[in-house]
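Chain order of the listed sequences is B and P. The first sequence lines up with residues 156 to 570 when you count with the numbering used here. The second sequence lines up with residues 156 to 570 when you count with the numbering used here.
It cannot be assumed that every hint is accurate.
Note that the list lumps identical chains together, so a pair holds whenever it fits in one copy or between two copies.
To be verified - In silico lysine to aspartate or glutamate, EDC-like type, Cα no more than 16 Å apart, as pairs: (1) Lys281 - Glu213; (2) Lys556 - Glu359; (3) Lys555 - Glu359; (4) Lys282 - Glu213; (5) Lys515 - Glu377.
These aren't lab readings, by the way, just hints derived from the structure by calculation.
There are 2 protein chains.
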Amino acid sequence: MSKNAFYSQSGGVTSVINTTASAVILEAKKSKKINKVFAGKNGILGALNEELYDTSVESTSFIKNLKFRPGGVFGSCRYKLKDFSKNQKEYQRIIDVFRAHDIGYFFYNGGNDSADTALKISEACKKLNYDLNCIAIPKTVDNDLAVTDCCPGFGSVAKYVINSTIEAALDVESMAVSSTKVFILEVMGRHAGWIAASSAVAKESYPHAPDLILLPEITFKERDFLKRVKDTVASKGFCVVVASEGIKNNKGRFIAESGLKDAFGHSQLGGVAPNLANIISKKTGLKNHWAVADYLQRSARHIASGVDLDQAFAVGKHAVRYASKNMHGVMPVIKRLSNNPYKWTIEPASLKKIANVEKKLPASFITKDGYGVTKKGIAYFKPLISGKLEHKFSSMPKYKKGKLKLVKKKLPLWV
Amino acid sequence: MSKNAFYSQSGGVTSVINTTASAVILEAKKSKKINKVFAGKNGILGALNEELYDTSVESTSFIKNLKFRPGGVFGSCRYKLKDFSKNQKEYQRIIDVFRAHDIGYFFYNGGNDSADTALKISEACKKLNYDLNCIAIPKTVDNDLAVTDCCPGFGSVAKYVINSTIEAALDVESMAVSSTKVFILEVMGRHAGWIAASSAVAKESYPHAPDLILLPEITFKERDFLKRVKDTVASKGFCVVVASEGIKNNKGRFIAESGLKDAFGHSQLGGVAPNLANIISKKTGLKNHWAVADYLQRSARHIASGVDLDQAFAVGKHAVRYASKNMHGVMPVIKRLSNNPYKWTIEPASLKKIANVEKKLPASFITKDGYGVTKKGIAYFKPLISGKLEHKFSSMPKYKKGKLKLVKKKLPLWV
Chain B
156 MSKNAFYSQS GGVTSVINTT ASAVILEAKK SKKINKVFAG KNGILGALNE
206 ELYDTSVEST SFIKNLKFRP GGVFGSCRYK LKDFSKNQKE YQRIIDVFRA
256 HDIGYFFYNG GNDSADTALK ISEACKKLNY DLNCIAIPKT VDNDLAVTDC
306 CPGFGSVAKY VINSTIEAAL DVESMAVSST KVFILEVMGR HAGWIAASSA
356 VAKESYPHAP DLILLPEITF KERDFLKRVK DTVASKGFCV VVASEGIKNN
406 KGRFIAESGL KDAFGHSQLG GVAPNLANII SKKTGLKNHW AVADYLQRSA
456 RHIASGVDLD QAFAVGKHAV RYASKNMHGV MPVIKRLSNN PYKWTIEPAS
506 LKKIANVEKK LPASFITKDG YGVTKKGIAY FKPLISGKLE HKFSSMPKYK
556 KGKLKLVKKK LPLWV
Chain P
156 MSKNAFYSQS GGVTSVINTT ASAVILEAKK SKKINKVFAG KNGILGALNE
206 ELYDTSVEST SFIKNLKFRP GGVFGSCRYK LKDFSKNQKE YQRIIDVFRA
256 HDIGYFFYNG GNDSADTALK ISEACKKLNY DLNCIAIPKT VDNDLAVTDC
306 CPGFGSVAKY VINSTIEAAL DVESMAVSST KVFILEVMGR HAGWIAASSA
356 VAKESYPHAP DLILLPEITF KERDFLKRVK DTVASKGFCV VVASEGIKNN
406 KGRFIAESGL KDAFGHSQLG GVAPNLANII SKKTGLKNHW AVADYLQRSA
456 RHIASGVDLD QAFAVGKHAV RYASKNMHGV MPVIKRLSNN PYKWTIEPAS
506 LKKIANVEKK LPASFITKDG YGVTKKGIAY FKPLISGKLE HKFSSMPKYK
556 KGKLKLVKKK LPLWV
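When you get a sec, could you build the whole thing from the sequences and use the hints?
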């Protein structure tokens, strides 16, 4: 007997998360076990609020074209379920909604927190005797999920950062004699330096950048950093820095919060790049420029990695296959088989090994001085930006409009 | 009798300036009047320092592939020649170098200042009786050159900004219910709002962004701006702002310098986006994120506009043709013939009309409220991002290495 499925997107979105949505919906159509796929409006909030998009009314071309659309087409959320013991009502509500809509499969597309949510719901269902097949599907630009070799969303950010580093460095190089000598690019990564570290691949195309990579795994030492900036400028004329937003000094304070105050004495959050720029200006006098990529990096579908798109699709497809095989409490993860040629496969992993675990950049990826990436690291990152760049536009994208039709509510409002 | 030519790149570089270099060198090979093209190392400094790259030793494939390489391959500079009356020595030196290397044609690829430099050199040559054909070639992401309909380099920045606005807005839209509600993208434009205004084209693809465009042509009114941000969030859930780096308040002070002080009481330059973000956080409490594109926007060759590349090539080609026809003191400019279909041609314009003139965004392009772009503006911008996106890479670019061989010096060092 077939059941409906609930799919939703959780946490910070990526440029390829809709590719996973597309894969789940397309694969579910092939499964005899799954009837309709309902997509939660704004992640798990869609379940709580009984706001379910009926994806069965969408055209196949809309679903297929989701792969070209960054952001989360059904809406995502930042919402962490409390423990079962502390807020049983929420779990009961989710189960009520799932029961009302005959949902037997739950696909939650996100990072650590989302794996935790999926696991919690899976365990709550056992306690409350509701038969639900919970599968988490990996997605995070932070690349910090355990077990999986890499995370869908990351390869595309890496490609964006690598290409931006090359392009900006070529700009700086051409102007350095009479203008900007130091360029700082701030990238995401509050706790783990995967994104910043990936920029080192730029050197495989353009050997002169990045010069210094600042990772949250390494304590920021201002004097040493400034010396290296000055030495680099002295020896080659310019210096390109890629900095993780999450770098801290030896007192554990984020460099992004570096003691600036406004006219009223209020502390200001400045961002890492402008704060580094201020330090460089003041202590070295070197002319500098800085960029903060912020959301541009994680939504840059126009330069997405082909491999990343393939993997985002594969994890969605396998999630549905696992569900069809009655597997539950698992996540389809990416296993690397070889670097060159790059080969990978998908296999299931228990959510217990993944939920709430944060995978840092391995020490073996970081050069001894703390400012660079080892050959081992490069060998890891490089394949993740490979594959064909698939575009659908010359000047700007055209998105097919979905119907985004909500299923009729059957339950009282949730407040 | 044929003479050599001197070509050099000046001012802030673009993602397509090397396309112009490529056109000049390739077209000069066809001209019977031009023997070799020497490229100045770092703009006009190359002439002063007698540092001339001999482009005739480069392979044709290197020259052709310059069109894929952002930045200025021969180096650019920020260097303004003083008036002839104040520093005749510099002009004499340039003429000495040109005479020593049998240079009869001078191609200067840049913006307002460069047109001024070309004009000054042209006039100095008349005074000092040296026969030199001076042609300026337009290039500036600022799009602020007089006479020409648009400037090579601008269309590609516009395309980058438009696509980045769409992508980031899709990200914000998907998260707004439980996370970021306001997103600010800071773009270039210290005196004129061409780049920020171009972002309005995003609405032709994605109707929900940008909501508010902040232009240097319009005085920034904090209270009004905050009201509009709050109203936008209240009505549609999120708000996307594109801000020119050059916006000022009614006291004429840059918003980028908004009175932040460090622990020692020193004023800090913050950037427009983080300062707007601080104002929004403090006065509305709305969660926000911000990005500063900086050099990424003007070096983003990976998303260059096809039309921009065509025009960058065309101005280079025509510059050589004008020189071959003994025209001087002119710039090849782009004349728009029609919007739809977009048609354009190249024609010569006197440098006297262009040097040092700064073309602001026309009032007719700005909506009455000062935060948007009129249909007339959209009709102007839209064709500039059209044309085929031409790439040479899937994961990251590969640049052909040039020989970049300096011509043997014949004169004493310049100090």
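Hint-by-hint comparison with the structure:
1. Lys281 - Glu213: For Lys281 and Glu213, the Cα distance exceeds 16 Å both inside one copy (33 Å) and across copies (72 Å).
2. Lys556 - Glu359: between (40 Å within a copy, 14 Å between copies)
3. Lys555 - Glu359: between (37 Å within a copy, 13 Å between copies)
4. Lys282 - Glu213: neither (35 Å within a copy, 74 Å between copies)
5. Lys515 - Glu377: neither (23 Å within a copy, 42 Å between copies)
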